[in-house]
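Given the structure of chain A, go ahead and fit chain B onto it with the hints provided.
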Amino acid sequence: MNFLFWNLNGKSIPTPVANLAHEHDIDVLILAECKQDMVCDILLALNRPTPRKYSLAHWPPQRVDMAFLARLPHGSVEVVDYDERTCVRRLRPPVGLDVVLVHAHFPSKRYCSAHHQEQYCRRVAEMISKAEQRVGHQRTVLVGDLNMNPFECGMARANGLHGVMARQIARKGGRRVFGEFRPFFYNPMWSHFGDWPSGPPGTYYYPSSDELAYFWHMFDQVLVRPELLDRFEDGHLRIPTEAGATRLLDGSGLPDRRASSDHLPLIFALDLYKGAMNDLGEKAKPVGRPAGS
Amino acid sequence: MISEKKQNLWGDLPEVKEANTPIVILREQASLVGQMTDNLLEAEVRIRQQDKKISIGLGGEVTESRMTIPDIEACLDIVAPPLDHYTITVVEIRHGVEPYPVFVANRLRGIGVQCDNETVFKEELQKALQSPEVRKVVSSLLTQIKSVAHQS
Chain A
0 MNFLFWNLNG
10 KSIPTPVANL
20 AHEHDIDVLI
30 LAECKQDMVC
40 DILLALNRPT
50 PRKYSLAHWP
60 PQRVDMAFLA
70 RLPHGSVEVV
80 DYDERTCVRR
90 LRPPVGLDVV
100 LVHAHFPSKR
110 YCSAHHQEQY
120 CRRVAEMISK
130 AEQRVGHQRT
140 VLVGDLNMNP
150 FECGMARANG
160 LHGVMARQIA
170 RKGGRRVFGE
180 FRPFFYNPMW
190 SHFGDWPSGP
200 PGTYYYPSSD
210 ELAYFWHMFD
220 QVLVRPELLD
230 RFEDGHLRIP
240 TEAGATRLLD
250 GSGLPDRRAS
260 SDHLPLIFAL
270 DLYKGAMNDL
280 GEKAKPVGRP
290 AGS
Chain B
0 MISEKKQNLW
10 GDLPEVKEAN
20 TPIVILREQA
30 SLVGQMTDNL
40 LEAEVRIRQQ
50 DKKISIGLGG
60 EVTESRMTIP
70 DIEACLDIVA
80 PPLDHYTITV
90 VEIRHGVEPY
100 PVFVANRLRG
110 IGVQCDNETV
120 FKEELQKALQ
130 SPEVRKVVSS
140 LLTQIKSVAH
150 QS
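Line order of the protein sequences matches chains A and B.
In terms of numbering that gives the first Met the number 0, the first sequence opens at residue 0 and continues consecutively.
In terms of numbering that gives the first Met the number 0, the second sequence opens at residue 0 and continues consecutively.
If we strip away everything but chain A, and leave its shape as in the complex, we get:
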């Protein structure tokens, strides 16, 4: 199953969104800074050339504008929990494993302190933990504009999102800190910093005049729980710089906020089918339209 996350910066750019979705065979699109009145044009562009239609999933009341579009049968996606910036969904495809998909748009550094951001990470970690207890597994993936780099405290702290850069560490599942077990997330975004290997150095560019400036940031991230490591291939994680005929970088190699967005998109995949056939007993309750609809 293929996923696309993109912070659209409030821009109505249905054609590049649809081009990315079709070119990369995307099953689930999560679009941040995407107002409800933009969704109609996006759906038209997505659905025009294909019999596999995308539809808008339930949009809970949130402070942020975040659209969730999927080409899955009715009933495959349910909201488990949400707050003003984060939504926890359970994804149950007709075939394959179900997963917890958390999508978020964290507070921006422009409007809050590093401490506030860190505290929000802790809050989201608790939300995720409760959702995992509720659904009975930890096959969780978190994606979004986290407005933080992978090395920042909230992303790495044990009582935050506890994201680690190496699979070898993530495979341990977690570690005990102050006597309490804290599960890991694997954060593959660490590997995408800088010029090597090929690809943009980050997903967001900000030329700060501060004495400490990174210029490129990896604010748009995907993190997966250890339980999904064997179903997540690093090679399938991409930061595209083109969407059909639309180049997402300008002549200086920076996100072209005029033609598209100030953020670059993120594409990744989860193999929910491999080895999942023995779990088909979980599918005893079929998905489909309710009677009378």
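Don't read these hints as lab results, they were simulated from the structure.
There are no misleading hints in this set.
Okay, derived cross-link-like pairs now, DSBU-like style, lysine-lysine, Cα gap no bigger than 35 angstroms in a straight line:
#: 1; chain 1: A; residue 1: Lys171; chain 2: B; residue 2: Lys135
#: 2; chain 1: B; residue 1: Lys135; chain 2: B; residue 2: Lys121
#: 3; chain 1: A; residue 1: Lys273; chain 2: B; residue 2: Lys135
#: 4; chain 1: A; residue 1: Lys52; chain 2: B; residue 2: Lys135
#: 5; chain 1: A; residue 1: Lys52; chain 2: B; residue 2: Lys126
Relative to the frame of chain A, chain B by itself:
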């Protein structure tokens, strides 16, 4: 005055042999799914081209060049129209400009094998299509479709 007579540098083109290419065989199998499932399920073949960098020798040194040759990839998908056209890929194949050898993979099992000719390819494709994983997918989708039909 410049002569307009064109010189044929191609020589004689080779004769085309009759052969069932892997994609033709996949399409044949895809066309059978509808009649086997009373058109509750369909199957389709998606084709895409993947460029592969080639190595060239320069002065005795082998180096990767910017030149690419296309590999052909095709997926055999099962489609469930009553489930909002839910689609799942069950088999993937890949070959170069020549149809054989061809790499065929059971996508649900996550394993693949190289087939050097049509006979071996058909054997491996049969194994994949008759595998427990593919049978379970078909069974699961049909169950869900019939359940949806029963509800409505």
